[in-house]
Every structure is written in structure tokens, then in C-alpha cells.
Amino acid sequence: MSLLRQDRLIVERPASFRSALWNIRYRAEAYDDAGRLQATVSERRGPVLLAPVRLTDLTGCTPYRLRVHLPDGVEVLRMQTWFSLYRPTLRVQLPGGAPLGTVRLRKTFSRRLLLHAADGSELCALHEVMSLSVAPIVQRDGRKKRRYTFQLGPAADDVTRPLAIGAALAFDVVSGRGTDL
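Heads up: the sequence shown begins at 11 in our numbering, then just goes up one per residue.
Okay, derived cross-link-like pairs now, SDA-like style, lysine to any residue, Cα gap no bigger than 25 Å in a straight line: (1) K154 to L142; (2) K154 to E22; (3) K154 to S141; (4) K154 to R23; (5) K154 to A44; (6) K154 to R37; (7) K154 to A25; (8) K154 to R35; (9) K154 to L80; (10) K154 to D42; (11) K154 to L13; (12) K154 to P81; (13) K154 to E53; (14) K154 to S143; (15) K154 to R18.
Cβ-Cβ distance ranges computed for the label pairs, FRET-style: (16) G45 to S94: 29 to 37 Å; (17) P81 to P146: 20 to 28 Å; (18) L14 to S141: 17 to 25 Å; (19) R15 to A128: 17 to 25 Å; (20) V169 to V148: 31 to 39 Å; (21) A44 to T99: 29 to 37 Å.
Hints in this document: simulated from the structure, not taken from any laboratory.
Bear in mind that the values here come from a model prediction, so they are computed numbers and not experimental data.
For every residue, glycine included, the Cβ atom is placed at its ideal position computed from N, Cα and C.
Work the whole structure out from these sequences, hints included.
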């Protein structure tokens, strides 16, 4: 089953003591219910000048350029954020550069992730199409991981589904946490 057709994704990020102190690159892995690897998320290039900033609490404000690859190496999505102290915006696009839309964090009265179409029109809030559950630190292959489980609901259509999956794969980035635990 294709990554963009999954109804449930388990996203894991490194959560060891060492990665909490020295992790400056965003990495994540997505699995299905059976534990099969569906995709890996990594940065396109390392943050050379931003490395000192990524070691602070401002890591969620720094720019990220992420690629999503299937296990066979095929690139499926590209995601990008810019420097933002107030409202991180995740731009989701196809590998060729065609924009799919954006995911924006709104911090007005409550922290909500909003999905926007490529033309800028607001589609819905992320919690309307996807639910999230956070597990405690787990171990996979002898390494400690932070685990998020995302369940897409029936309201997810062909427009909101890739945006919601992009938000799930880069959840710590779009929620303003960055590479922090």
C-alpha cells in the first residue's frame, strides 16, 4: 500500500540522551500497523550555519528542508519551513516541485495546525482529519525512539490527505519543537 494511502502511520524519532543533546538534523521513520517501514524523512542537507541555533530551544524556529523517501529510495514528498519565531509554516510539495499546500501553526488562543491548499485557502484543522496519540519512549532495533501514532479519519480526502501525512511525518517541525525531545 502506498504511503499516501495509509490510514494509520506510526512515526518514530530518535529519543536517546545523546540525540537530545547533539541532534541537529531532523530524522524520522514511518511504519504501518505491522511494523513494516513505509518511509524515511531526512534533511536534504545539513544545517551548517544553523548548528549552534539547533542546539538551543530555538531549534523549532530554524528552517528545515526535508525529503520523504520510500524504502526502495523513491522520493515521494518534499517539505520545507522557513525561519519563524511566531508561526512555523510547512510547505508540502511533490518531488518535481508542484505545491500541494501548507500546514501552519496558529497560536492565537490555542495551538492548532491548519491545512491550506496550494492557492492559500484554508481547508481545515489537522485534528478534523487526523487523530494523534503519543506513546512513551519505546525501543526499536536497540535504540530509544519517541513514537507518534496518527490515524486518518473519514474526512481526509485527496486534497487534505497528503498535507496531513506531511504534517505527521514532520510533526515536531511544524509544531515548533524542531529537533528537541
